[in-house]
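Listed below are the residues making up each chain.
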Amino acid sequence: MRLRSICARTSRRLWRVSEYRMKDYTGEIVSNKQIAPDAFEMTVGVKDMPEVRPGQFAMLEVPRKDCVLRRPFGILSRDENSVSFLYRVKGNGTIALSELEAGDGIRLTMPLGNGFPTEKRSKVAIVGGGFGIVPLYLLAKEYRGAEVRIYNGFVNASAVMLEREFGKCGKFTLCTDDGSRGFHGYPVAALEKDMDEGFAPEVIFCCGPTPLMKSVKALAARRGVKAYLSLEQRMGCGVGACLTCTCKVAGHNKRVCKDGPVFDSAEVFE
Amino acid sequence: MNTEVNICGINFKNPIIAASGTYGFGREYGEFYDPSVLGGISSKGLTLNPRVGNDGVRIAETPSGILNCVGLQNPGVEAFIANELPYMRGLDTVAIANAAGSTLSDYERICERLSETDVDMIEMNISCPNVKRGGMSFGVLPESVEEVTRAAKKHCKKPLIVKLTPNVSNIADNARAAENGGADAVSLINTLTGMAVDLYTRKPVLGNVTGGLSGPCIKPIALRMVREVYKAVSIPIIGLGGITTARDALEFMLCGATAVQIGTVNICDPCAAPRIVGELTEEMKKCGVESLTELIGALDD
Ligand SMILES: Cc1cc2nc3c(=O)[nH]c(=O)nc-3n(C[C@H](O)[C@H](O)[C@H](O)COP(=O)(O)OP(=O)(O)OC[C@H]3O[C@@H](n4cnc5c(N)ncnc54)[C@H](O)[C@@H]3O)c2cc1C
Ligand SMILES: Cc1cc2nc3c(=O)[nH]c(=O)nc-3n(C[C@H](O)[C@H](O)[C@H](O)COP(=O)(O)O)c2cc1C
Ligand code: FES
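Read top to bottom, the protein sequences are chains A and B.
Counting from 1, position 60 in the first sequence corresponds to residue 60 in our numbering; the numbering is continuous, with no gaps.
Position in the second sequence (first residue = 1) + 270 = our numbering.
Just chain A, same shape as in the assembly (with noise of 0.2 Å):
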């Protein structure tokens, strides 16, 4: 196709050669299934599939004329020729996700954002809520080895997603915020609890809903430990050139996509 050969050619002029660079592709879906009552997990095929960091996400292209925007995803895992995704289906763009069949064609660009910072730690805890697990899950594998302890929380038993998975990959605190299931009460407070007891990370990573990474944003304040938040926002581009995405980051406009989406807990939600 021609539109192919000049991204081609153009690409191949690129200063910026990097193995993470942001890309369009083009994917098939392998799979799309529902996992819990809204949500969805969903298997998109990628022939050059790139490395991705974690908490890197993609835009997805959504099937329907009327939406033009592609929707932002944290990307849940990679592997060399597929790419998977964990959604909540929510809105037009969301239902209409769900109703893609395997075979269908989608294109997608990533890998966007930079991440979390993964330098070596021993200790590390992870706190998400909902469906901020999602770029969770590569980080908690990333930090296979040290002391990880995962604390994710869900509004009741029927919510709960990955268990098995997060189990796996440290040691794991499954909360829910009406006590059917596991610790009873937000993760954050299950994190301090361990604190109290003894547990000293040297980092927080968390994603979740804004009130969450908050009280995160507060409890590491007064422990005087480092956290990284993984901020959402609408988005247009997702790629940096809309400013659409702003957020304060130490009193700076910082755009989500491309700074961000993960910042310093101590420079947001001043």
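Bear in mind the hints are in silico, worked out from the structure with no lab data behind them.
Glycine included, every Cβ here is placed at the ideal spot set by N, Cα and C.
Incorrect hints may have been included.
With a Cα cut of at most 27 Å, we get these calculated DSS-like pairs of lysine-lysine [to be verified]:
(1) Lys254/A to Lys556/B
(2) Lys473/B to Lys248/A
(3) Lys473/B to Lys214/A
(4) Lys258/A to Lys214/A
(5) Lys65/A to Lys120/A
(6) Lys214/A to Lys123/A
(7) Lys556/B to Lys65/A
(8) Lys90/A to Lys473/B
(9) Lys258/A to Lys23/A
(10) Lys23/A to Lys283/B
(11) Lys33/A to Lys65/A
(12) Lys141/A to Lys23/A
(13) Lys90/A to Lys120/A
(14) Lys258/A to Lys141/A
(15) Lys168/A to Lys123/A
A few chain A residues facing chain B, derived, Cβ under 7 Å [as the list claims (entries may be wrong)]:
(16) Met22
(17) Gly240
(18) Cys242
Taking beta-carbon pairs under 8 Å as the criterion, some of the chain A residues facing chain B (in silico) [as the list claims (entries may be wrong)]:
(19) Arg21
(20) Lys23
(21) Asp24
(22) Glu28
(23) Val30
(24) Ser31
(25) Gln34
(26) Val68
(27) Leu69
(28) Arg70
(29) Arg234
(30) Gly236
(31) Cys237
(32) Ala241
(33) Thr246
Given the structure of chain A, go ahead and fit chain B with the ligands onto it with the hints provided.
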């Protein structure tokens, strides 16, 4: 086949220009393809001093379109000249600086400053609907369009494009006013003011309450306005609003545009620009034209 067009003596290798505010200064798309495939790039809207833009949610999707209220966040004209212009200049494409202001003197000073640089053209945004002061007020009444154009033109040593807002009663009057004020070209349309609300929370979706509507849903309005302006002025027209394919682009030319800009489509698809440029010759074949200039204004109405 010849895809070249000429505006005010400046040659464009093709009529596809990236629209202001949707393309940054080209760097991000430069990670996907060489932005030199484009005929030109219009920079993010620049103001004399840096602007932080609006707080809160800045974008919402609407049927076949988007609303935005970025509010002209930009690094300011000096940072543009120091940090961004050299990159744009390093590309093989026409560099257009898009300028905005809130007073007459802002426009004079920014045009004067940009005239000292090697940008090819200046596009004056008198229509951004997002900024409470300035913006809107200059673009709405024909008298003030003429006044701000005349003031800017006096200080402008580059071809001056005046970008018109569609949020007016008669856009042909405003185009005539720009021409009378000394504009070398006009571009249209900027976004249409709109809003989105959340029924269940009873709150506006956008932080700024209202925003500018763009994308495929505005194309019919943009085409109509380009045609009206084509019949009213003799300066060149750059048409935009909802273009997603080369076919859309040539429709604007048929209505009277000499070149076009593509905005929202870049946001929706990072590889849109090379695709649209790549489609041009195929569309020309279908139209039976050897040179794109044959199409300009040729609508049989
Ligand atoms: C970096 C990032 C990673 C994300 N990762 C995941 C994930 O792994 N799994 C998951 O289920 N969800 C994730 N989300 C949220 C997801 O993008 C939205 O739920 C989704 O876009 C909703 O689309 P819709 O068409 O169903 O909803 P609508 O409400 O119909 O969407 C309308 C518009 O609003 C935007 N929008 C709506 N809700 C959100 C939101 N919460 N965040 C950002 N944009 C929104 C949509 O993208 C679209 O442009 C992520 C968001 C971001 C910013
Ligand atoms: C996110 C966004 C930011 C914009 N910023 C500017 C700007 O700074 N200056 C300007 O003149 N127009 C700006 N525009 C308007 C576009 O340049 C264009 O006029 C409009 O979007 C219609 O074209 P389209 O439908 O192809 O996007 C912006 C549009 C969008 C979507
Ligand atoms: S979504 Fe466009 S800059 Fe972040």
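Now for the hints, and whether the structure bears them out:
no., hint, result
1, Lys254/A to Lys556/B, "45 Å, violated"
2, Lys473/B to Lys248/A, "22 Å, holds"
3, Lys473/B to Lys214/A, "23 Å, holds"
4, Lys258/A to Lys214/A, "22 Å, holds"
5, Lys65/A to Lys120/A, "45 Å, violated"
6, Lys214/A to Lys123/A, "22 Å, holds"
7, Lys556/B to Lys65/A, "24 Å, holds"
8, Lys90/A to Lys473/B, "18 Å, holds"
9, Lys258/A to Lys23/A, "14 Å, holds"
10, Lys23/A to Lys283/B, "26 Å, holds"
11, Lys33/A to Lys65/A, "23 Å, holds"
12, Lys141/A to Lys23/A, "24 Å, holds"
13, Lys90/A to Lys120/A, "37 Å, violated"
14, Lys258/A to Lys141/A, "24 Å, holds"
15, Lys168/A to Lys123/A, "16 Å, holds"
16, Met22, "6 Å, holds"
17, Gly240, "4 Å, holds"
18, Cys242, "5 Å, holds"
19, Arg21, "6 Å, holds"
20, Lys23, "7 Å, holds"
21, Asp24, "5 Å, holds"
22, Glu28, "18 Å, violated"
23, Val30, "23 Å, violated"
24, Ser31, "25 Å, violated"
25, Gln34, "24 Å, violated"
26, Val68, "5 Å, holds"
27, Leu69, "5 Å, holds"
28, Arg70, "7 Å, holds"
29, Arg234, "5 Å, holds"
30, Gly236, "4 Å, holds"
31, Cys237, "4 Å, holds"
32, Ala241, "4 Å, holds"
33, Thr246, "7 Å, holds"
In summary, the numbered hints that this structure violates are 1, 5, 13, 22, 23, 24 and 25.
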